[in-house]
Structure formats: structure tokens, C-alpha cells
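Novice: Join the two chains into one complex using the hints; note that each chain is given alone, in its own frame.
The listed protein sequences derive, respectively, from chains A and B. Residue numbering for the first sequence is 1 to 453, as defined by the numbering used here. Residue numbering for the second sequence is 454 to 844, as defined by the numbering used here.
Hint data in this document are derived by calculation from the structure and do not stem from the laboratory. Each residue gets a CB set at the ideal place from its N, CA and C atoms; glycine is no exception. Warning: the hint list may mix true and false statements.
Quick look at which bits of chain A chain B covers, simulated, 3 or more residues with Cβ under 8 Å [what the hints assert, rightly or not]:
id, segment
1, 126 to 137
2, 280 to 288
3, 360 to 372
4, 386 to 397
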Amino acid sequence: MSKVIKIKRGLDIPLLGDAEKILQTPPRATEFAVKPPDFHGLVPKMMIKEGTRVKAGSPLFFDKYNEDVVFTSPVSGTFTELVRGAKRRIMEIRIMPDPEDDYIDFGAESLSAMNREQVIQKLLKSGLWPMIRQRPYSVIANQNDTPRSIFVSAFKSAPLTPDMDFVVNGQEDDFQAGLDVLGMLTDGDVHLGIHADQTMSKAFTEAKGVRIHRFKGPHPAGNVGIQIYHVQPVNKGEIVWYADVQDVIIMGRLFRKGIYDARKIVALTGSEVMNPRYYRIITGAQINSFVANNVRSEEGVTPRFISGDVLSGEKIASNGYIGFYDDQITIIPEGDKPELLGWLIPTIDKFSVSRTFFSFLMPWMKYRHNTNIRSGVRPFVITGLYEKYLPMDIMPMQLIKSIMINDIDMMEKLGIYEVAPEDFALCEYVCPSKIEIQTILREGLDTMRKEFS
Amino acid sequence: MKAIHNLLEKVRPNFEKGGRFEKLYRTFEAFETFLFVAGNVTNRGSHIRDAMDMKRTMFHVVIAMTPVLLFGMWNVGFQHYKAIGMEVDLLDQFLFGLIKVLPIIVVSYASGLAVEFVFASIRNHEVNEGFLVSGLLIPLIIPVTTPLWMVALATVFAVIIGKEVFGGTGMNILNPALLARAFLFFAYPSYLVGDDVWIYTNLQEGQQLVDAFSGATPLAYLALGEVEKLPSVLEMFLGTIPGSIGETSTLAVLLGALVLIATGVGSLRIMLSVVAGGLFTGLLFNIFAVNPYMEIPAYYHLIMGGFAFGTVYMATDPVSASQTGTGKYIYGFLIGVITLLIRVVNPAYPEGMMLAILFMNVFAPLIDHYVVQANMKKRLKRMQTAEVKTT
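For reference, chain B alone in the conformation it holds in the complex (with noise of 0.2 Å):
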């Protein structure tokens, strides 16, 4: 400990003002931070602090993502090799995965961070953590396929567009992953929607697609009104289905949700609602159904698509959701109301999870303001009532 704090102190010269690198200074003092948490005492105010800091938020956030990280890597290569009919081991479903979501892993962390740096460095401010979460969340809710340049430039666009432009972390509007996601669904569509997306099948010589092969997520077939293709309900829950790399399985998202809850880093209080508001709208058409789309059970929907993936990890965003109590029970609710809203009613999109967040992102301010106003109203009216008393 002794040797790399010394090295650290040998080189901060350089980076400090005047030295050859201080442009650097800011991404030199992230590397220090993230190594060492600093000597630095209190001098204001509360003379201790609380040994939580954002690093070890945001970290865990990412220890929350590694079940549907892992399960995604397993499953693309699971998808892989069920498309060409090979049977291997589960060894090799997953090492085929990790190649192919390593990459993407790579150039999303890469291109935010080196973003995330020059902000830091341009308004010197110290580099923000959020983006540790930020970086791993694209890869997992983007197809396997997405060509590395795309996911380049979208986590550019997401970071820039979605947060710097605001001030930072802790600004932002809008969710950055969610918005990176939105940027390469609404410019390149056909990257992004199909049946061909999901699954990786640039074929090798010798290989062939499986006769009756087909690349479709649940929720296409059900945009097509072919329930009966529907994959059982066990292979939805677990997630051995087609679909973006994280987003798939509900149980590796559920073990992600115990940890978040377990923490009390993620807001149970928005994942509750979420699923109470999909629920609530999923039976609502049960009982006034009119295809049968419309009839399957409510249920369905928390186990297909992004549903189960958005609620625990993008809708508890703190910064991009509803910041007040009751807030955040309006803001979870109407996002599992519009989710199965656009999925169901709107011919448009089969999947609804991510405009629903982001839709719902822009309006989270609107309801704190009214729940804000709400507390206030109650003030003005205890001051009233003890001006009549004293009068």
C-alpha cells in the first residue's frame, strides 16, 4: 500500500498546476480517489460522516448488475448455437457470450469515461461515479449484434446530450443508458427492431440455420398476434429467450433486485409500483379484451421483454425518477401503466418499457413539483389556522 501511494505521490507533480500533464489533473485525481479514499478530514459542520460515498453506491449498483450480466452472456451464446443447431457445453455457450459482450462492455465504458474525463477536466469538477453504472447498463439492454462503432457513438450521445449539457451526474433529466438506447432505436431501426437482431448468427463456414429458425422476442410475436408462438412461461422467467443482452431473464434481474433492496441502495418503492402499475393494466385489458393479445395473462408482461429489467434498474435511477415519497409512487405506477400501454395498444413498438421511463423521466419533475406544492399547502394552511385562533 505503502509503494503505490508513494508512486502516486511521485508522479502528482506532473499533473498538478504547472506541470507537463495538468490538463490531466482531474482524470489523475479519479485514479487516485478510486485507489485510495483520501485523507481528508472534515471542517465544516458534522465532524463525522457517514462511511457511504457515491463510489460504493454506484459499485454496488454494478455488483446488483453482474447476475443479468453473467445470464446475458450465457444466453447469447445459448441463442447462438440453438440458431445453428450445435449442441455444446455450457462452458462454451458462455465463452462464446463473454467474446461478444466484452467488446461492447470495452467501448461503452471507454468512449463515456474518456467523455466523463475531458468534462471533468474543462469544468474542473472531480469525475463523477454515476457513470460506472451508466457504462455497464448500455451493453445490457442493447441486441448482441449492435456494431461496436454504434455503441461508441450512442454512449457519446447519451453522456454529452443526456448529462453533460445539464451539469453532471445528479443533473440529468433524462436516463443516460436509457437515452443511449433511444438514440440508436430512432436512428439506425434496423439495428435495433426485428427478428434478426437478437441473436448472433454471421455464420462461419459449415454453419447453417436451423430449419423453422426464428429470431423473435415474445412480445413480436404478440405484435403479430401469434400467442400461440409464445415461449412457455418458465423460459421467460428464466430468460432463455431471445432478446437484448441483460434484459432477458427475470430471475437473474430478480437476484439483482435482492441485492439493491437488501442495501437499500435501489427504491423498492419504485419497483413496487412499477409492477403494481403493469399489473394493474394488464388486467384491466384482461377484462375488457378484444384480441388476444389483450388476453394473456398480466402476469406475462413482467417476465417478457424489458419490463422486469427497466423496474429494478432504470426506473430507480435517483436522479432520472421522482425525488419525493409520493412522487415516486406516481412516477413507478403510470411507467408499468404506459409500458404495457405501448405494448399492447400502440401498433407501433412491441416493447414499451424504455419510452415509458424516459417518457416518464420528463415528467418526474412535474409531479415533485405538485407533491412539493402539496407540503407547502399544508404549511400555509397550519398558518392560518393559527392566525384564527390567536385573533
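Just chain A, same shape as in the assembly (with noise of 0.2 Å):
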């Protein structure tokens, strides 16, 4: 066996509402829809025209900058609308479902028959290459790239992820074909990280032509960035590409039955959730169809859907759609409500990190957290904290202060490279500041991104 990578810093954020085991397949849903800032830094262009029928599969819009990353329908129906946003920008493209698929056939041969070039065209046609993406910078792989590696995380340590063992069982035959597309696209390795004590799952333990990482300690040790950290550090220059494990299962599909059968199983969790548990949906399902009547109601409580997890999540609207790279519905109550003296009264139905709450005497609470931010936003005071919840040899703060003043040499040294927004979330959370730096952090490798395309 692997030596253990064990991960020291970070934090397991206690949350109410993880999702029983029970898997169900809700109604088909109503209404889908492909949301172009799922993709960051994505300009589309559209395909086709309103009211054109489209099948599982079908093209529906192109990135403005890279032509021949199409982006597909999940479903077969009608595109019935286009969603503006502020400046036109493109939000949604909505589609109303037949009541059954028809797939477009990309045609289903071996894998040991192709060469890569046929490969990456199979995926850029079915619009599941956007499924890659690639570090630096966290966007969408570029297909003329020829990555030094590519990273499978097979477990999310996020608040109230799903269980990758759970979703994966029944699909292991297709996980392992997206592996072995996965493979074809580097000449390097196909790294696999699993979890040292919870994966199970043989399709992760045993699956072939991987190199298998094994993981061990609180979030963020699920997430990607930091894998990739401790297996083999991105340097200047050098590209990695990554994909999550329902996304190589979907590609498995691809290259298996050569349709785009975009089913995934997302969960429903969150302390809003009655019943938190698993489904089976498509991919851009309108959460309703599995979300409503399972939502709490009190009086005086808002509940706040996120598709995602509590850190790096979408906030959407109660009857919004699922992202294209989510398998997590979160709802917790908005935390609109006024409190007296609240920053100075001690109570006990608070989490933080800090010991100036009585949360730390009490590791086996799991909180109801709400979405208030407790204070405006200071400029940094408090040092030394950001770096406990970040596992890597990066400075947070300096690496930060270099965006907020737009130093690109100093961001580039400070390994801006390595880091995406979701590794910095908890030093977010955590920051008594309340700085946003995901936001921040986004912003930087936006610049990055600029500066050397």
C-alpha cells in the first residue's frame, strides 16, 4: 500500500443535514437548463435559435474563444428561452423536456481503436469537454494542451458532500472507462486520490491504470488543488487537468454506449432538508422536481438553495437549476434577522472557529449555520489564522495582498499557480475580517489568465 498523505490543516465545518443513504429517482423535472457561468470565463455564442428542437447531445452554444468547446443539451425537447442577464450576458438556456430522450449517437467503439486526437474530437463534439479542467487557473482544459498529468479526486471533504462510494456503486464499470479516457490524454499519469480510511469502493481502491493516492484529515483534503499539492506541485508553465468522478462516469457513458446520458446522483442536504438523502437526476434538472416539499417551512425563516457545497457553491432561486459541475443541493436558512448585542452575548447555538464561543467545547454539535455576515468588511488585522486552514506551503495573506494590489510577479511567486478559489474558501470563512477572498483569489488568477494569454 501507498504511504498515507495526511493533511494536517483545515476543518471539518459541523453541519446539520447530511444526506441519509437512500437513493431515489425523483419525476423528471419540468424544465432544464445549461448555465454559461457555470464555466468561468466563458463567452458563448449561440447555436440555434428559440424553439429549436434539440436531443440529448445536440450543440447549443460554443465558447466565443475556443470554437470547438461546443456545449451540449443534457436533454432532448425544446429550447423555449434565453435568459439575459446584466450587458446581455447570456445565464440560461432553458429546455423543455420530452417526456423521453432521444440521443444523438457519437457512436460507441473501443477505446484501443482510437488515437488521441479521435478521442479529445469525441469529447469536444459531445460537448462533455468541458468536464476537463485544468489547473492554473481553474477554467476549462484547452484541448491543444498536452497535460503533465491529470487528477481524480474520488472524495469531497466539503460540508455535507455526497459520498463518492455511494454514487459510484453500480457505475464502476463506466468509472473506470472514463479512467481509461482519462488516460489517453496524457502522456504522464492518471492520479487517483481516495481517502485513506472511508473510500471503500473497489471501482477506487482497485481501479486500473492509476496511480492511487491515499488521503487522510479534514476538509480540504478532498478538494483537487490540494491533491495535486502534495502528489506533484503545479509550477509555472506546467498544466494538470482534472475531472470529478461523475463527470469521468458520464464520459465512461460516452465512450461505452456513445450517447451523452448526462444522469447523475446529486444530494439533497442541508439543515433546511426534512429528509436529506440521495437522487438520481439529469444534469440542469429545475431542483423542484426533487427539492419541493422536502424544505422546511418556519416562520420568519428564508431558505437559501445552493447548488454546490456551503463554501464554493451557486446561490439559485428555489426553482433554479442544478450546475453543470455540482452533485450537491444545499439549503440553509438566510441569516437576515437583525441580533442585538450579537457580537458580544456568548451563545451556544453558534460555530467558530475562534475559542471565544463555546462551539469548541462541544465538538459533537452540528450547527444550523446561517448565511449572515456578522460584520462589514475590514481591511486584514489577524494574522497567523489563514495559514492553519490552508494545507499548502502558501503565504494566504501575502499571496492575497500581491492580487489586491495587482503585483503579477509577486502573485506568479507566490504560487498563484497551484491555487484555486475553492482551496481558499475556508480561509474565508474563518476570516474575522470577512474579506472575500474567493472572490479575490478569482480575480487574480483572472489577471493571471489575461496577462499570459
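Specialist: What follows is the structure in C-alpha cells.
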């Protein structure tokens, strides 16, 4: 057995609402949407007009700056509405689904008969390419690059995230097929990060054609960025690709069955969910197909719906759509009520990493955490705190400050290529100055990307 | 709660744009957020945030200062009645100190906060909580005899020159409270140096100083080489000696340190390294002792003067201290070393804590610079090894 990589710094935020291991198939959603903002930095160009009939796998739009990257419909139906936001930015492409899916046939061929170029073309044409993302910058990979290696994390560690062992159950062959596809894309290794104690599924522990690394420790141990750092950090000029487990499964299906079968399993979690459990849905589904009637209603409490986890997910409406990369819906209460002397009174219902609340005396407690910020934004004051929640040899405060002053040379030297906003999410969570660290880091990544493109 | 909230909502329009007191909006906001944690929710990034905030951080430092504050008040009374030879009970001693110290605190807070509010309005940002701590630190590190107008002047100077010119809390280079003291120290030395300033000895009719009275601090005796006049170790540890209001009691400082360390608000790393630096230098002096001062046990330095107070409350100020982990060790250690150098070797100043911390405040960015450079170099080296491997 390979040696266990122990992640020492980090934090598991104890939240209520972990999903029970029950898998249900809700009724088919009445509407689906593909959301271009899910893909950071993308400028979409529409390929079809409203009213067009589409099949699962039909192209909808492409990347203006990389025209080969197309985005396809996850279901068959009718493209009903194009929703635009500020500055006419395309926010949603809404699709009214047919009762049954009709798939475009991309052909099921044996992988061994294909070369790397053909594999890439197939992924591009089917709209699965965006599932492969890259470091640096944490954006969709460029098909013209050759990555040093490819990483897949087989467990998640953010609060309330789904159990990948449970998710992969019954789809082991698809997952292995997907790993084989990834293996075609790099001359280097495909690395699979598993949890040293909790990963049991043979799909992960006995995966073929990959190098398995065993991790242990609190969040963000499951973040692919942290795993890359501990296996082989990204140096300047290097490119590493990564994909999520469920996306690897969908890729596997494409090569085994020849279709874009966009079914995935999502966990419905959070303190405001009455029965948190798992649902088998199609990506882009309107969430009320499985969320409705399962949300706790309490007078004066507004629920917040998040596609993704509480640290890095996207806020959506109660009838919003699950994001392309997300396999979790989290519902927590909004914290929109003022609180008398709330900063002073030592209550027991709040979680804090600081020992000025009682939560450190009650490690068994789980919290109904709301979305209150608790203070206005302040400059950096407390030091030595952020480092405790970033298990990398990177100086988080210095890096964020270098981004604030837009010092490109400094950002590079401080290791901006190795990080993504999600890796800094805990720093943002604990920040007593309430600085929007993930947003600032994203700005820094955008600056670097622009500088070198 | 509802009633207070409604009242705030009722007067709010007066402070908003176009209202009668538009210019005071930031002041209003400061009071409002003091009373209520606003119902503002996250809209970018992490959806949840730790319950800790700046107000609570600063408030815990204030809690940590209460032992020294209460002891300091009592000691003011105790020293006063001792000087005039009157026997009174503990409560009277404390009350005397309270009456003398409270006005200093009020003046310090009032003048400092006034400046803060003005700058928050001009710059249009929220009032920062940092002064909650500075406002109490200033009274604790000056003699009880300091005239109130001087307290106000020093505070205003410290807030403007020490903090606001750099952009406010979090941007300052020097510790504002220490800057206030340094300002007084150099502008009005006769009020901050000498044997007559530490004890309140303005006599009322019928009172007179006891024979052989001296208001000299232990450090003053040592500077003159009068080692035999030092108070006992116990007295120095408990703090029943003359000195600035809050600095005398090592015991009370330790209680405060306990609060800071337990809550994680103060940096244990800095505290330990200051003590290490002090003890190290003290022992060096012992080894190479050429005069009685250098012969005193090294640990004496920790319980005399402002060493303990400065270590726990001043050196640990996260903004003006070194901000990197390794940097904190160097920063703290050098404070300890320089303090003792000034005390023992330099003939001009009996006490070195204030100057040592201010000096290291200035050097903290330089220390950090080298620590950050080391981190960068490591990364660069890693890249070069990777390149060698691939070629």
C-alpha cells in the first residue's frame, strides 16, 4: 500500500443535514437549463434559436475564444427561452424536455482503436469536454495542450458533500471506462486521490491504469487542488487537468454507449431539508422536481438554495437549476435578521473556530448555520489564522494582498498557479475581517490568465 | 429588542443621504452595528461565515486587559496612601485609583473615537474597532499624574499620525498606543520620566509625605546602580511597586495573557519569543557581568517595568507585529533582546520596552519580506528541479 498523505491543516465545519444513504429517482424535471456562468471565463456564442428542437447531445452554444468547445443539451426537448442578465450576458438556456430522451449517437467504439486526437474530438463534439478542467486558473482545459498529468479526487470533504462510494455504486464499469479515456489524454499519469480510511469502493481502491494516492485529514483534503499540491505541485508553465468522479462516469458512458447520458446522483443536504438523501437526476434539472415538499418551513426563516456546497456553491432560486459541475444541493437558512449585541453575547448556537464561542467545548454539536456575514468588511488585521486552514506551503494573506495591489510578479512567485478559489474557501470562512477571499483570488487568476493569453 | 430596533429605524432617515445629519452617517452606523449585528447576508463566495468578527476580537482583548486595569486602579490608591502614610482599607485604595484613572480612560476614548469618527466620515468607510483596544491601552501605559490635556493630545496624535495617515486600522506600521506614549515621552519628558511622576502625591491640607519617601521604580534604582534598594521579587511580581498605571503587576498581566492565549486572540508565539529573547540576553549579561545591574537574575527583567505588559498586550498587536509565522519568532526575540540592551547598556533610558517594540514594529515588514522571499525561493527551486527532470 502506498503511504498515506496526512493533511493536518483544515477544518470540517459541523453542519446539520448530511444526506442519508437512500437513493431515489424523482419524477422527470419539467424544465432544464444549461448555465454559461457555470463555466468561468466563458463567452458563449449561441448556435441555435429559441424554439429549436434538440436531442440529448445537440450543440447549444460554443466558446467564442475556442470554437471547438461546444456545449450540448443534456436532454431532448425544445429550446424555449434564452435568459439574459446584466449587459445582455447569457445566463440560462432553458429547455422544455420531451417525456423520453432521444440521444444523438456519437458511436460506441473501442477505445483501443482510437488515438488521442479522436478521443479529444469525440469529447468535444459530444459537449463533454468542459468536464475536463485545468490548473492553473481552474477553467475548462484547452484541447491543444498536453497536460503533465490528470487528477481525479475520489472523495469530497467540503461540508455535507455526497459520499462518492455511494455514488459510484453500480457504475463501476463506467467509471473505469472514463479513467481509461483520461489515460488517453496525457503522456503522464492519471492520479486518483482516495480517502485512506473511508474509501471502500473497489471502483476506486482497485482502479486500473491510475496511480492511487491515499489521503487523510480534514477538509480541504478532498479538494483536487490540495491533492495535486501534495502529489506533484503545479509549477509555472505546467498544466494539469482534472475531472470530477461523476463527470468521469459520464465520459465512460459516452465511450461505452455512444451517447451523452447526463444522469448523475446529487445529494440534497442542509439543515433546512426535512429528509436529506440522494436523488438520481439529469444534469441541469430544475431542482423543485426533487426539492419541493422537502424544505422545512418555519415562520420568519427564508431558505437559501445552493447548487454545490456551502463554501463554494452558487446561490440559486428555489426553482433554479443544478449546476454543470455540482452534485449537491444545499439548503440553509438566510441570516437576514438583526441580532441585539450579537457580537458580544456568548451564545451556544453558533459555530466558530475561535475559542471565544463555546463551540470548541462541544465538538459533538452540529450547527444550523445561517448566511449572516456578521460584520462589515475590514482590512486584514488578524495574522497567522489563514495558514491554519490552507494545507499548502503558500502564504495566503500575502498572496491575497499581492492580488489586491495587482502585482503580477508577486502573485506568480507566491504560487497563484497552484490554487483555485475553492482551496481558499476555508480562509474566507474563518476571516474575522470578512474579506471576500475567493472573489479576490478569482480576480487574481483572471488577471494572470489575461496576462499570459 | 424590537423597540430599540424600531427607534433606530425611525431616526435612520436623518442620517442617510439628504438627511439632516448626513455627515454623521458613519457614526450612526457605528452605534447601530454596536447594538445589532446587522441582517446582512453573504452574496459572493462562501455562503456561511464564522461567527467571529472584529468587534468580538477586540472585545476579548479588552476583557484580557481588565485584570491589569483593576489592579492598576488599586495600586494607584495603594501607592498614594503609602506615600502619605495613611492606613486605609482596600476599597478606599481602589476608589482613590478609580477616581484618578477613570477620567484618563474617558479622555482617551473620547478624543480617539472623535478622530476615528471624523476620518470614517471623510473616507466614507465603517468605523474600525481597533481603537476599542488602543483607547484602553493608552491609559494603562502612562503615569497616573499625566495631565488630561496631554492624554487627549497624545491620543489624537497617535490616531492621526500613527494610524489614519496610513489608512486606518490594519494599515498602520506602529502600535498606536505605544506611539501615544512615545509622543508624551519625547514631548513632555518631565511628565513621564523621573521619580516623581509614578505616584499621585498632590497633597491636600494636613497631608504630608512620609519620611524617606521615594517614588522611584525598580528600573530607576537599577539605572543608578542601587541594587540594594530593589523591592522584593514578590512585590515586583504582584505589582505593588510604582510604575505606569497598568504595567506593574506581572500576575495581572499573566491573567490577561491566559485570556488571550485561551481564546486564541493573542499570539502565543510572539509572547514566548519575547520572553525567550529577554531571558537569553539577561543570562548573557550575567555571564559577562561587569556591574551590579548586569548581575541581577535574568528573570528580574520579566517582572520589572513594562516587560510583561508589553510582551502580552503590545508586542502581540497583529497589525504592527510581524505577520508571518517565522517572522513572529524573530520579531519577538529581538524585542526581548533590545529591551534589555536599552535597560542595561544604554544610560539614557531606564526602560526599554516601548522603544524596543516600536523599533521592531518598524523592522517587522523587513523581517516579513525575507520570510516571504524564502517561500518564493523554495517555489522557484522546486520549478528548477522539475525542469531538470523533464529535460
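Novice: Evaluate each hint against the coordinates.
Specialist: For each hint, the structure was consulted:
Counting residues of the segment 126 to 137 of chain A whose CB lies closer than 8 Å to any CB of chain B gives 0, so the stated coverage by that chain is violated, three being the minimum. Given as covered by chain B, the segment 280 to 288 of chain A fails the check, having 0 residues with a CB less than 8 Å from a CB of that chain where 3 are the minimum. Given a C-beta distance limit of less than 8 Å, the hint that chain B covers the segment 360 to 372 of chain A holds, as 4 residues qualify and 3 suffice. Coverage of the segment 386 to 397 of chain A by chain B holds [criterion: at least 3 residues with CB-CB distance below 8 Å; count 5].
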